[in-house]
Amino acid sequence: MEHQFEVKNIYEYYAQWIRQGKLNVNSDWNKDLKIKFTVQDPCQIVRKSYGDPIAEDLRFVVKTVVGEENFIDMQPNRSNNYCCGGGGGFLQSGYKAERLEFGRLKDIQIQATEADYCIAGCHNCHAQIHELSEHYGAGYGVIHLWTIICLALGILGENEREYLRPDLKDVAVYGS
Amino acid sequence: MSEEVIKLGAKKKSRFMDKVMEILPEGGNLNLCLTCGACSSGCPATGLDGLDPRKFLRMAALGLDDEILKSDWVWMCTMCQRCVYACPMKIDIPQLVYHARASWPREKRPKGILGSCDMALRNDSCSAMGASPEDFTFVVEDVLEEYREAQPEFAEMQAPIDKQGAYFFLNQNSREPVTEPDEMVPLWRILHRVGADWTYGSKGWGGENYCMFLADNEAWEHIVRTTAQQADDLGCKVFLNTE
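Chains as they are written, first to last, in the numbering used here: chain A, 5 to 180; chain B, 17 to 259.
Since the hints were made in silico from the structure, they are not lab data.
Just so you know, these numbers come straight off a predicted model, no measurement behind them.
Please note that a few of the clues may not be correct.
[What the hints assert, rightly or not] When the alpha-carbon atoms are kept at most 20 Å apart in a straight line, the in silico PhoX-like pairs for lysine-lysine are as follows:
{"hint": "1", "chain 1": "A", "residue 1": "K100", "chain 2": "B", "residue 2": "K86"}
{"hint": "2", "chain 1": "A", "residue 1": "K12", "chain 2": "A", "residue 2": "K26"}
{"hint": "3", "chain 1": "B", "residue 1": "K35", "chain 2": "A", "residue 2": "K100"}
{"hint": "4", "chain 1": "B", "residue 1": "K106", "chain 2": "A", "residue 2": "K52"}
{"hint": "5", "chain 1": "B", "residue 1": "K253", "chain 2": "B", "residue 2": "K179"}
{"hint": "6", "chain 1": "B", "residue 1": "K179", "chain 2": "A", "residue 2": "K12"}
{"hint": "7", "chain 1": "A", "residue 1": "K52", "chain 2": "A", "residue 2": "K12"}
{"hint": "8", "chain 1": "B", "residue 1": "K71", "chain 2": "B", "residue 2": "K127"}
{"hint": "9", "chain 1": "B", "residue 1": "K86", "chain 2": "B", "residue 2": "K71"}
{"hint": "10", "chain 1": "B", "residue 1": "K35", "chain 2": "B", "residue 2": "K106"}
{"hint": "11", "chain 1": "A", "residue 1": "K100", "chain 2": "B", "residue 2": "K127"}
{"hint": "12", "chain 1": "B", "residue 1": "K86", "chain 2": "B", "residue 2": "K35"}
{"hint": "13", "chain 1": "A", "residue 1": "K35", "chain 2": "A", "residue 2": "K67"}
{"hint": "14", "chain 1": "A", "residue 1": "K173", "chain 2": "A", "residue 2": "K26"}
{"hint": "15", "chain 1": "B", "residue 1": "K253", "chain 2": "A", "residue 2": "K12"}
{"hint": "16", "chain 1": "A", "residue 1": "K52", "chain 2": "A", "residue 2": "K26"}
{"hint": "17", "chain 1": "B", "residue 1": "K71", "chain 2": "B", "residue 2": "K35"}
{"hint": "18", "chain 1": "A", "residue 1": "K67", "chain 2": "A", "residue 2": "K38"}
[Stated by the list, open to error] In silico contact screen, one side only, chain A against chain B (beta carbon under 8 Å); selected entries:
{"hint": "19", "residue": "F9"}
{"hint": "20", "residue": "W21"}
{"hint": "21", "residue": "C47"}
{"hint": "22", "residue": "C87"}
{"hint": "23", "residue": "S97"}
{"hint": "24", "residue": "Y99"}
{"hint": "25", "residue": "G158"}
{"hint": "26", "residue": "I159"}
{"hint": "27", "residue": "N163"}
{"hint": "28", "residue": "V175"}
{"hint": "29", "residue": "V177"}
{"hint": "30", "residue": "G179"}
{"hint": "31", "residue": "S180"}
Each residue gets a CB set at the ideal place from its N, CA and C atoms; glycine is no exception.
Turn these sequences into a full structure, and let the hints guide you.
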């Protein structure tokens with residue numbers, strides 16, 4: 005299929021904008037809170053499209069906004085990461101019991117990090133991991149990548165915190 | 017001892033796997049399996065519906081077409097390609113799964129995926145939730161205005177639709193404009209902060225493509241063509257996936 009544009013993913017740009025100083029963000033908000041984060045490598049973006057280099061960009065962004073000492077990687081990770089079970093249409097396919105069983109591996113991976121939140125930059129991952137946290141009872145939160153970036157920038161309003169746990173509802177709220 | 021010569025299977029049956037191999041580059045390496053099991057050992061779908069990637073491939077190789085083509089497992093494999101990544105022979109099992117999905121009569125495929133694909137075919141938005149270009153435009157403009165008015169620092173924030181010549185063409189998952197519009201705002205804020213020149217398209221803005229998951233090639237292509245055409249018509253340099 006012919007086209008004139010290039011296809012890119014925004015993780016690459018987040019990293020570039022931070023390196024260029026256009027996105028002036030840091031992890032000061034989390035210096036004392038020490039809330040721990042892990043990150044889901046979306047299969048479509050990492051393994052299936054851009055490989056480990058974009059996984060590195062993703063980690064650079066995440067470490068910048070939450071603090072390197074507050075980031076714990078899942079094992080395995082990057083191109084070798086496990087699918088969460090939200091992709092391929094699984095969320096809409098009606099096989100719910102099987103989808104949750106599929107996600108058991110992801111839940112074990114996340115629980116092993118002991119992170120308070122899993123950062124998900126992909127909607128399907130977000131929905132599935134959120135459900136895994138409730139279903140298996142671990143209670144970790146799931147947060148969008150753009151949400152945590154805005155929180156660290158101090159520009160996340162109170163109406164943009166739908167999915168956050170109480171521990172982040174009141175942190176660095178914009179306009180208050 | 018019988019005098020008769022025993023003849024094995026008079027005519028070689030054409031397998032489903034052969035048809036798939038004809039379509040794929042290098043035949044998807046489907047006949048190179050060493051049966052090592054690296055695929056299955058790292059596959060979250062292993063054990064569901066009594067199957068796993070190795071078993072699925074072996075069954076295909078043995079010509080057990082009825083069994084694999086009737087199995088619900090093809091809808092439980094997410095085609096995440098971890099099996100390909102782990103495989104020493106780079107066998108494309110997900111493509112075998114995709115073509116098995118495509119062999120199901122369309123109306124028998126999972127209702128949820130089918131419904132989401134059909135929704136995307138209703139109008140030019142290509143949104144799996146069926147939202148029209150007008151609905152999308154209204155929601156974006158409405159939310160933007162609300163935030164611009166309430167927050168002086170963001171009074172100049174933009175969320176353009178069909179801005180000719182914008183550098184970035186963005187797609188948007190339908191869930192936000194349809195069910196939780198405030199969740200669109202963080203991304204806009206970041207783009208505003210860095211001064212990015214971007215636009216949504218009134219056509220092909222839907223960021224999801226359930227027709228691909230449905231294995232409906234024609235509808236999948238229609239959606240990709242619609243969104244690609246819009247990005248080209250607007251003269252955008254970069255099609256930016258935001259997830």
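### Task
Double-check G158 (chain A) for me: the hint is only fine if its C-beta lies closer than 8 Å to a C-beta in chain B.
violated, 10 Å
### Message
Hint S97 (chain A) vs chain B: min CB-CB distance below 8 Å?
### Response
This hint holds: S97 (chain A) lies near chain B, its Cβ roughly 4 Å from the closest one there, short of 8 Å.
### Query
Given the hinted pair K173 (chain A) and K26 (chain A), is their alpha-carbon gap at most 20 Å?
Outside the cut-off at roughly 27 Å; violated.
### Query
Taking the least C-beta to C-beta distance, is C47 (chain A) closer than 8 Å to chain B?
Holds, about 4 Å.
### Hinted pair K253 (chain B) and K12 (chain A), Cα distance within 20 Å
holds, 10 Å
### Hinted pair K100 (chain A) and K127 (chain B), Cα distance within 20 Å
holds, 13 Å
### Task
Take a quick look at whether K71 (chain B) and K127 (chain B) sit within 20 Å of each other, Cα to Cα.
violated, 27 Å
### Query
Can the restraint linking K86 (chain B) and K35 (chain B) be considered satisfied, given a maximum Cα separation of 20 Å?
holds, 17 Å
#### Entry: Proposed proximity, K86 (chain B) with K100 (chain A) (alpha carbon, max 20 Å)
holds, 19 Å
### Message
Given the hinted pair K179 (chain B) and K12 (chain A), is their Cα-Cα distance within 20 Å?
### Response
holds, 19 Å
### Query
Is the interface hint for F9 (chain A) satisfied, with its Cβ closer than 8 Å to some Cβ of chain B?
Hint holds; F9 (chain A) Cβ to chain B Cβ min 5 Å, cut 8 Å.
### Query
Between K67 (chain A) and K38 (chain A), does the CA-CA distance stay at or below 20 Å?
Holds - the C-alpha atoms of K38 (chain A) and K67 (chain A) are around 13 Å apart, at most 20 Å.
Violation of the numbered hints given earlier is confined to hints 3, 8, 14, 16, 25, 28, 29, 31; the remaining hints are satisfied by the structure.
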